[in-house]
Amino acid sequence: MRVAILCSSPYSETGCAVAARLAQLGNVPVGALTLPSWDRGTLLRKVGQWGLRDSLQYAVAKLSPGKSTIRKQIRNPYLETALRHGDGVFRSVREVAGTYGFPVATCSDQNSARAVAQLKQWSPDVAIFTGGNILRDQVLNVPRLGIVNAHLALLPEIRGMSSPEWSLLCGVPLGITIHFMDSGVDTGPILLRREFAGADGCDPLADLRHKMIADGIELIAEAVAGLDSGTISAVPQADREKDYQFFVMHEHLKAVATRRLKKARLNPVRGRCDESGGANG
Amino acid sequence: MSSPESSSSRNFMTTRTVRVLTEAAGLLRAPQRIIPLFSKLASDQLRTTFEHRHLYSYVDATIPTADALRSVVDWIFRAQRPDGGIAAYYSYLTGYSESYPEVTGYIIPTLYDFGRVTGDLTARHAAFLATDWLLSLQMTSGAFPGGLHGSDSGPGNKVQPSVFNTGQILQGLVRAHVETRNVKILKSAVAAGDWLAVIQQTDGSWTGPVAYQGTAHTYYSMVSWALAQLGAESGDARHAAAADRNIDWVLAHVQPSGWIDGINLRGHPAYLHFIAYVIQGTLECGILLRRDDAIQAAAKPAWVLLRKFETHKRLLGTYEPDFRGGQQFACLTGNAQMSCIWLRLFEVTGDLRYLNAALKMNEMLKQLLPVKGRRGVVGGVAGSYPIWGAYQPMRLISWGCKFLADALMLEGRLARKFEAELEKESEASGCA
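So the sequences go chain by chain: F and V.
With the working numbering applied, the first sequence closes on residue 281, and no number is skipped along the way.
With the working numbering applied, the second sequence closes on residue 713, and no number is skipped along the way.
Keep in mind the hints are simulated off the structure, nothing from the lab.
Hints are not guaranteed to be accurate.
Short, incomplete list of chain F residues facing chain V, as computed with Cβ under 10 angstroms [claimed, not checked]:
1) V104
2) T106
3) D215
Within a straight-line C-alpha distance of at most 25 angstroms, the following computed BS3-like cross-link-like pairs (lysine-lysine) qualify [said to hold, decoys possible]:
4) V:K589 / F:K242
5) F:K242 / F:K211
6) V:K594 / F:K262
7) F:K211 / F:K263
8) V:K321 / F:K254
9) V:K653 / F:K254
10) V:K321 / V:K698
11) F:K254 / V:K705
12) F:K211 / F:K254
13) F:K242 / V:K594
14) V:K653 / V:K321
15) V:K594 / F:K263
16) F:K263 / V:K698
17) V:K698 / F:K254
18) F:K262 / V:K321
Don't be surprised by glycine CBs; every beta carbon is placed ideally from N, CA and C.
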C-alpha cells in the first residue's frame, strides 16, 4: 500500500506520529507533503491554539533546537510510543523521513498545482490528512483510493470543529471516525467508526483530545492495513446532505463541556443539536 | 427603523448631500469634537489594517457580559432627552440628535428588562418618562408620526403618520401596560393597533403614504410582532389577525435560498439591519402566533447567516438578494439583532449551535464598545465598523445599544437556563 502523508507543518506532532507509526508497522510512507512551518496562517493558528507563551517557546525550540529544554518534550504524551526513537524524539517529519527513508516536500498550499504534481509523482494509493488546508477536488482525486482523515467524533452525528466538546454537550457518545475526505465537511465515506472508551480520568478537555488523537492514529493504521488487505471498505454516509456541521466552540460552552467530562458518565441530555440539521435540514 | 421615515425624502441624493453638509457643519459649531473624531477614525483604521481575525476569534470571553450590559444601558440613559424621548444617535460631528419616537418606543421593553435583571430603578423610571412622552405624540387617528421629533414640524410641514413608527412604538406601549397596568397606556396601544389594522391592505401589507417611500416592506414584520403582542394583551382578535395576514404576505416573499424579498428600500442597499428586522419580526410572530411556517421561514435565513458568520468570522454590512455578497463594513446593529435571533432560535429549537454563534457575536460586539471618551461615546454601539461604513456613518446609535442590550440579557438568561437544566438532568441521571 503506497501511503502519503499531508501535514500542516514539518513540525506537526500528529503528522510525525502518523508517519512514524505507519513506518513502525511496516508501511513506510512514499512521501510527506507539508505546509511551511512559518507561514502567517500557521502561526496564527498556533497562537490561537496554544496561546502566545507556548507558541514562542515552540518557536525557540525550532530556531535553536540544541539549547531548548522543550527539545525532548512531547506536547501530546499519548504519542510517546509513536514518537520515541532510541534516546530521542521525532520533532519533525524530516527526522522521521531521515530515519525511514522517504522524501518530504513543502508547498505553500496543499491545493496548489505544485502540491498536486508532487502527489501525482508519488502516486499514492491513499494519503493521510493530518492537517492543513481545506482540500479541493484536484487534490482529493489524486490518491487512487482517496485521502483519509481521523475525525474526533462519531460521524455523521458531529461534523466540523470542536467535535469532542460538541459530543459531550450534545449527549452523543465520544468516538473517532476514520473516513475518506470529500468536498464536504466530514461528509465522506466511513472506513471505521469507534466509540471512545478512554474518557475516564481525562482532565481537562485538552487531555481528552490528546488521548483521542493517539487512538485516532492507531485507527488510521488499522484502516490502512484493512484497505491493504481488502478487509475494510468505505461506506457512504447516510445523511450526507444533512447539516450536522459544528463550529469552534465558545469558551463558555467549553466550560460546560468540561464539567460534563468531569461527571464522567456521558448520558444524553437536553440541549441536543437540532437533528434536522439546523434550518437547512 | 432606524432610518427616520421622513415625508420629505423624495429626492435621496439631495437629502443625503444636505445631511452630509449639515453634519460636517456641526464640527464648525463644536470644534471640541474634532479630536475624538480623529481619534476614532485613526483607531478604526489601525484596527482594520492590523487586526486580522482568524478561526479562533471571539471564542474567549474578554469582557464580562454584565459590565458590557451596564455600559450600553448607561449610554441609553445618557441619550434620554429632557422631554423623555431618547435620541436617535450621537454623532461624532453634531452630537446628540433630537428624540426619536420610534426608537424610544421599542427601547421601553429593553429598559424594563434591564430593570428586572439588575434591580435598577433608574431603568424603570426612564421607561416611565419615555412612555409619557410617546403618549403625548399620538395622533387622533391612533397613529404615531414618522421621523425625528420636530424634524417635520416647521411651518408648512404636516406631521405624517407612519406605520413602522406606530408599530415600533406599539411594542413599547404594550410592555409599559404589562408593567404598569395603566389603562391609559392600553387605550393608546389599542388605538394604535386599530389604526394599523384598519389601514392594512387586503393582501396583508401596508403601503401608500403611511409606508416608508410609499411602498410595502417585508421588514414591517416588526409591526406584526407588535400587533401580535397587543393581541395577546388586549384579547382583541383583530390585532392578531392583522399580524397573521401580514406574515402570510411576508412568507409569500421567501426565496429557496432563505432570502426574504421585499425589503424595498429605494436608494439604499439591503443593510443587515433590515434583513434582520424581516427575520426577527417573522420569527417572533411565528412564536407568538404559534406558526411553525413562520418560524421555519425565519430559521432558514438565520442559519445561512450563522454559517457565514462562523465561516468568515463576520457578517457583511449589506447583502445582495440570495445573500450573494455585499459591502465589507460591519453593520453592528444588524449583528446584535442576529445574535437576538440566534438566541431565540436556540430557545425554540434547543440547537446549541445558535447559542454558540450568539456567544461569539456578542463577544465581538463587546470588544468594539468604546470604553473611554466623552459623554455620548462611552458604551455606544456604532452604526458601522469601521465608523465610516455606509450604515449611519460617524454615529453611535440608540437602536444599536438597544439590540446589544437585548442580546446580552438574552444570552445571560438562556445560558443560565441551559446550564441549570443540564445540571438537573445530570443529577437526575445520577451523575452528580
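Inset, instruction - Given the hint that K254 of chain F pairs with K705 of chain V, test it: the Cα-Cα distance must not exceed 25 angstroms. - result: holds, 18 angstroms
Inset, instruction - Given the hint that K321 of chain V pairs with K254 of chain F, test it: the Cα-Cα distance must not exceed 25 angstroms. - result: Violated. K321 of chain V to K254 of chain F sits at ~34 angstroms, over the 25 angstroms cutoff.
Legend entry - Satisfaction of the D215 of chain F interface hint, Cβ to chain V closer than 10 angstroms: Violated. Min distance 24 angstroms.
Inset, instruction - Assess, step by step, whether the Cα of K242 of chain F is no farther than 25 angstroms from the Cα of K594 of chain V, and give holds or violated. - result: holds, 23 angstroms
Inset, instruction - Quickly compare the C-alpha distance for K263 of chain F and K698 of chain V to 25 angstroms and report which way the hint goes. - result: This hinted pair holds, its Cα atoms lying about 19 angstroms apart.
Inset, instruction - Verify the proposed pairing of K242 of chain F with K211 of chain F, using a straight-line Cα cut of 25 angstroms. - result: violated, 29 angstroms
Legend entry - chain V contact restraint on T106 of chain F - CB to CB distance below 10 angstroms: Violated. Min distance 22 angstroms.
Inset, instruction - Sort out whether K321 of chain V lies within 25 angstroms of K262 of chain F, counting only the CA atoms. - result: Measuring from Cα to Cα gives roughly 46 angstroms; hence the hint is violated.
Legend entry - Holds or violated: K653 of chain V to K254 of chain F, with C-alpha atoms at most 25 angstroms apart: violated, 31 angstroms
Legend entry - Straight-line alpha-carbon gap K594 of chain V to K263 of chain F, limit 25 angstroms: violated, 33 angstroms
Inset, instruction - Tell me if V104 of chain F is really an interface residue toward chain V, meaning its C-beta lies closer than 10 angstroms to one of theirs. - result: Cβ of V104 of chain F sits 26 angstroms from chain V, so the hint is violated.
Inset, instruction - Quickly compare the C-alpha distance for K321 of chain V and K698 of chain V to 25 angstroms and report which way the hint goes. - result: With Cα atoms ~38 angstroms apart, K321 of chain V and K698 of chain V exceed 25 angstroms; violated.
The earlier numbered hints that this structure contradicts are 1, 2, 3, 5, 6, 8, 9, 10, 15 and 18.
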